[in-house]
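So the protein sequences, as listed, match chains V and A.
Heads up: the first sequence runs through residues 738 to 977, numbered per this note's numbering.
Heads up: the second sequence runs through residues 92 to 870, numbered per this note's numbering.
Cut-off 30 Å, straight-line C-alpha distance, at most; resulting in silico cross-link-like pairs (DSSO-like, lysine-lysine):
#1 A:K498 x A:K456
#2 V:K905 x A:K641
#3 A:K417 x A:K585
#4 A:K641 x V:K788
#5 A:K641 x V:K909
#6 V:K957 x A:K641
If you want the footprint, here are the derived chain A segments under chain V, 3+ residues with CB under 8 Å:
#7 663–677
#8 729–741
#9 773–780
Computed, partial: chain V to chain A, Cβ under 8 Å:
#10 E779
#11 V782
#12 S784
#13 S833
#14 N834
#15 A836
#16 D837
#17 N838
#18 W839
#19 E889
#20 P894
#21 D895
#22 E897
#23 Y899
#24 R906
Treat the hints as calculated values from the structure; they're not laboratory data.
For clarity, every value in this text was computed on a predicted model and none was experimentally measured.
C-beta: ideal position from N, C-alpha, C; glycine also.
So you can see what is in the structure, the chains are spelled out below.
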Amino acid sequence: MHSQGFDWEYSARLPYKIPRAFIGAGYTFSYNNNFGDFSFFENNVYSLNFKKGNGYVNQLNVSFQYWEKPIIAVFGNVFYRSLKTDFSQDMTYPRSNGADNWFATYRTNMNSSRDYLGISIGGKYRILNSYFSVGAQITSLFLLSSSAIATEEILSPDFEHYIDGSTKRDIKYLQLPDFKNFNVLPELFLAYDYSIAKGLFIQSSLRMQIPIFNSTSTDKFYDLPVGIELTVFKNLNILN
Amino acid sequence: MTDEKRSSIFIIKCKFYNFELLYFVKLIKKLIILFIFLLPSFLFSQDIGKIYSISYPADTVVNFGPCYVGDSLIEAFHIENLTNNNFIIYEVIPTFGILRDPNETFVDEFRSFKNISPRFPINMAAKANTTLLIQYNAYTDLFTYPLGWYHTFMQVGFSKITDTSLVYGKMFFLKAKKTNKAIDGYEDLLNFDSVYINSTVKESLTWRVKSVLKDSVSLIDQKFTLLSPQLTTDEFFPHFYSINPVFRYKGESLTWQFEYAPLDMGVDSGRVELAYKPFIDTYPDSIQKAICKLQGVGVKQDIRLNYANYDFRNDTIFLGNIQTNKLLKINAQIKNYGNIPFNSTDEQITKEYLNISSQILRKIKDNPSSIAQNGTADFSFEIKINNIGNFVFRYEITSDISQRNIKYAPASANKIVFYIVGKAIEPLIAVSSILIQFPTIYQYLPYCESISDTTLYIHNLGNDTLHISQILIENDMPKFTFTTDKTELSISPKSKDSIIITFSPILSKVFTADLLLISNSENKIDTTKIGLMGSSVAPTATSISIGDYKSMPGSIIEIPIMVDSNIVYSSNFSDTIYYNRSILQYVGYKNQGTASQEPIEKILINEDSSGYLAIFIKKPPTSRFYDNKVLIKLQFKIYLGNAPSTLISFLNPRFGNQYCDYALRIPKENIKNGYFEIDSVGGINMKAYPIVKPAVQIKSLSPNPVKDKIDIQLWCEGTTNLKLDIYDYYGNIILQNDYGKIEAGDYNISQDFAMEPTGMYLIVLYSNSKPIYQRFIKY
Numbered sequence: 738m739h740s741q742g743f744d745w746e747y748s749a750r751l752p753y754k755i756p757r758a759f760i761g762a763g764y765t766f767s768y769n770n771n772f773g774d775f776s777f778f779e780n781n782v783y784s785l786n787f788k789k790g791n792g793y794v795n796q797l798n799v800s801f802q803y804w805e806k807p808i809i810a811v812f813g814n815v816f817y818r819s820l821k822t823d824f825s826q827d828m829t830y831p832r833s834n835g836a837d838n839w840f841a842t843y844r845t846n847m848n849s850s851r852d853y854l855g856i857s858i859g860g861k862y863r864i865l866n867s868y869f870s871v872g873a874q875i876t877s878l879f880l881l882s883s884s885a886i887a888t889e890e891i892l893s894p895d896f897e898h899y900i901d902g903s904t905k906r907d908i909k910y911l912q913l914p915d916f917k918n919f920n921v922l923p924e925l926f927l928a929y930d931y932s933i934a935k936g937l938f939i940q941s942s943l944r945m946q947i948p949i950f951n952s953t954s955t956d957k958f959y960d961l962p963v964g965i966e967l968t969v970f971k972n973l974n975i976l977n
Numbered sequence: 092m093t094d095e096k097r098s099s100i101f102i103i104k105c106k107f108y109n110f111e112l113l114y115f116v117k118l119i120k121k122l123i124i125l126f127i128f129l130l131p132s133f134l135f136s137q138d139i140g141k142i143y144s145i146s147y148p149a150d151t152v153v154n155f156g157p158c159y160v161g162d163s164l165i166e167a168f169h170i171e172n173l174t175n176n177n178f179i180i181y182e183v184i185p186t187f188g189i190l191r192d193p194n195e196t197f198v199d200e201f202r203s204f205k206n207i208s209p210r211f212p213i214n215m216a217a218k219a220n221t222t223l224l225i226q227y228n229a230y231t232d233l234f235t236y237p238l239g240w241y242h243t244f245m246q247v248g249f250s251k252i253t254d255t256s257l258v259y260g261k262m263f264f265l266k267a268k269k270t271n272k273a274i275d276g277y278e279d280l281l282n283f284d285s286v287y288i289n290s291t292v293k294e295s296l297t298w299r300v301k302s303v304l305k306d307s308v309s310l311i312d313q314k315f316t317l318l319s320p321q322l323t324t325d326e327f328f329p330h331f332y333s334i335n336p337v338f339r340y341k342g343e344s345l346t347w348q349f350e351y352a353p354l355d356m357g358v359d360s361g362r363v364e365l366a367y368k369p370f371i372d373t374y375p376d377s378i379q380k381a382i383c384k385l386q387g388v389g390v391k392q393d394i395r396l397n398y399a400n401y402d403f404r405n406d407t408i409f410l411g412n413i414q415t416n417k418l419l420k421i422n423a424q425i426k427n428y429g430n431i432p433f434n435s436t437d438e439q440i441t442k443e444y445l446n447i448s449s450q451i452l453r454k455i456k457d458n459p460s461s462i463a464q465n466g467t468a469d470f471s472f473e474i475k476i477n478n479i480g481n482f483v484f485r486y487e488i489t490s491d492i493s494q495r496n497i498k499y500a501p502a503s504a505n506k507i508v509f510y511i512v513g514k515a516i517e518p519l520i521a522v523s524s525i526l527i528q529f530p531t532i533y534q535y536l537p538y539c540e541s542i543s544d545t546t547l548y549i550h551n552l553g554n555d556t557l558h559i560s561q562i563l564i565e566n567d568m569p570k571f572t573f574t575t576d577k578t579e580l581s582i583s584p585k586s587k588d589s590i591i592i593t594f595s596p597i598l599s600k601v602f603t604a605d606l607l608l609i610s611n612s613e614n615k616i617d618t619t620k621i622g623l624m625g626s627s628v629a630p631t632a633t634s635i636s637i638g639d640y641k642s643m644p645g646s647i648i649e650i651p652i653m654v655d656s657n658i659v660y661s662s663n664f665s666d667t668i669y670y671n672r673s674i675l676q677y678v679g680y681k682n683q684g685t686a687s688q689e690p691i692e693k694i695l696i697n698e699d700s701s702g703y704l705a706i707f708i709k710k711p712p713t714s715r716f717y718d719n720k721v722l723i724k725l726q727f728k729i730y731l732g733n734a735p736s737t738l739i740s741f742l743n744p745r746f747g748n749q750y751c752d753y754a755l756r757i758p759k760e761n762i763k764n765g766y767f768e769i770d771s772v773g774g775i776n777m778k779a780y781p782i783v784k785p786a787v788q789i790k791s792l793s794p795n796p797v798k799d800k801i802d803i804q805l806w807c808e809g810t811t812n813l814k815l816d817i818y819d820y821y822g823n824i825i826l827q828n829d830y831g832k833i834e835a836g837d838y839n840i841s842q843d844f845a846m847e848p849t850g851m852y853l854i855v856l857y858s859n860s861k862p863i864y865q866r867f868i869k870y
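All chains should be built: construct the whole structure from the sequences, respecting the hints.
This is the structure we're talking about:
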């Protein structure tokens, strides 16, 4: 019986105790889809609601994995996650000079950035004794920081401009809903373990976080990151 | 009161009583003497005796009838003493005497009558009676006693034996006819006297005929001959025997009955002849006739109106239209068209169903003598009719015809009735109210006249034209608070007219006045007084406001106009509300659930392009706004305009009613303007500023920065004049191009700019709207 199926005992003459515990470090890059409906305030004046956004997630993690059985492993991660999300919303207002009426369309772009420290625990299960496994984990996120910048530009009509004659401006005093300081989210993944040396393997996974919990405490704001993870594990003999 | 005064009054009273007592004693003495004188008459007439003719017991005229020459007739008289005293009849006056008729035709006619039994003196013992026989002798001496009627008076009575004064007596008139006819009648003339014409009952008289010579005398003819002209059908009706009768013996009497029923007025006469042959054996051709003349007079009472101071026809006096309660004197005259004198015994005015006051001033019966045929008599009376309408009453004259010896006068002849007819007229004023309370008027001066008017209907319930000669109003100060549109009025009977009374106060107080209608109506008084009352108060103050609102562009906002409960005194509202139309644009209103909800007569709300919203709300004149804090809800669409907010200002709010557009006061401090702010637009201060939508737009300006040539793409909304100027940084004009009039569409303008120095430039496009500015950089 081998853990994760790697046959690191090359011969009987060279007996090798297959390790059950591993420690590793990895990087995860995810494409993040955001959907929701949250208010955007400029200078404490409600301006619009963002509905949809997208961005990416960079995550560095330290992982511990323990093979309870040759086909089942449990693991835990500690990670740092950085989320960058761009939102865009068009607003069309009826505009009037008192005599003529027309419509003016404004587009507001917002770049949001959040940093989390997280831990996760989970398990994976080898599929058909192959190096593929499926797993799930529960991730707890602790908000470290968040920030956003926004701009607004006039899309139409051509003659429309701001009071200073420009057609684009920075929104200096903006307010967004407060993001939760702590959030728990489930995550599913499909992983492939590849042994690169005795007691050393790389886990690559395709993973998706399930947005069952809102990211803000007031408005609707959900993250749906789908990404790729690479983590290098090395055995830990102490737990064999 | 002093004792002296009391004693003097007592003496006066005693003198007065003493005088009356003496007068009373004298009166009693006179009555006693009168009684003593009258006592024998009472005694004689009732208790002393009886004397009467046996043939004519009820009559004092004793007709012996015909008596042939040389013959005599005897009539018996019954004499009876009814007392217990003994009396005696002497052959001398006063107890007995055959006396000369002063009107005798022949000399000493009385000598043909004499007493034959008993002999005088005749003792009339107590309760005794006797028969006195008086004989008439038709002496053969025709010279001294010719043929004809003989008359005498006979006095019979008895006296006391000791005293020859008459105790009881009676006078008779005796008459007998000395004739040489074998048959002759008791009467030569049957006089029917006065018989009313056309009576249904005939007057009947009997003619007694007696055979005075011998037995068995037969009549050979019975004949009636009318002597008077026969103007009508028969008026005399003789009843002859169907067979000529026979006087069987001497002294036998037969009777013939004759009736008379006149058909016209005047004397009618006829003659009856009974022919017979008195000596049929010796002188068979000798014929004698017993003749009697019939005479009657047909009479009629015919009293007609002959004159009246009003129109009259037949028995009716037509007074025409007369005023009620006015004394009216009627003078009339009657004329006697009948053939009998007329006397009135009583006259009276009778009326039914009418309240008529009447008084007869002069009666016909006041005439001293009867009204002879064709005579006239005047009568007059006064009447006063109290009620309006047609009237008829009667002047009834009671005739004395029933008391006179006129036979068969109809009952209708007892009264002569004249009718007086007419129509009592009177204008009768009636007004719909005796107190007119005007509604409270708000003192709108100087904005409006504070006037209220009402119509007073005046009815003429009478049947004469009502003339209101003066229509006056007695105002308190100030004068002319109440006025009318008419000063006089004439209203036809049973119709109405109206006057308009105007109440126009100039002060805020309660006013009263009296409206006087002076008319010819005689309903109690000729002046009708109507109270007028009205009050004027200062208009009530109210308030109006619009709150503060905010909303995002594109939305529809409902902005209510807030009012207070005093608007219930008004029925219309008008104002112009001003606001920034680049922010708010009126789209409609809601009045359901507001003070302006149905019923409503008109709601006009118009917005012009300058942002003036003219509002006019009008309820029906008789209704008022409801007590609701919201006058009306205005709906606006919100635009991102040229400012972040706008005031919503009342320019001249007015609450009015049917009397005045300023029915409520709105002090300035009670007007609160509204405020609207654009909401939910970020960076509103950057966006909300005046932007003129150009008729020409620069779609693109490239390249920018430019080096050699700049391309300008334009879009033109419509036909416009186009001119392009380029200025440098210092405001110097670098280039001017006038493109003249261009049509709508896209245009591309290329401008060589290679020769210009580097720096910032400004393109200005002039069109029919505001200029368009665009900067670019030359490098």
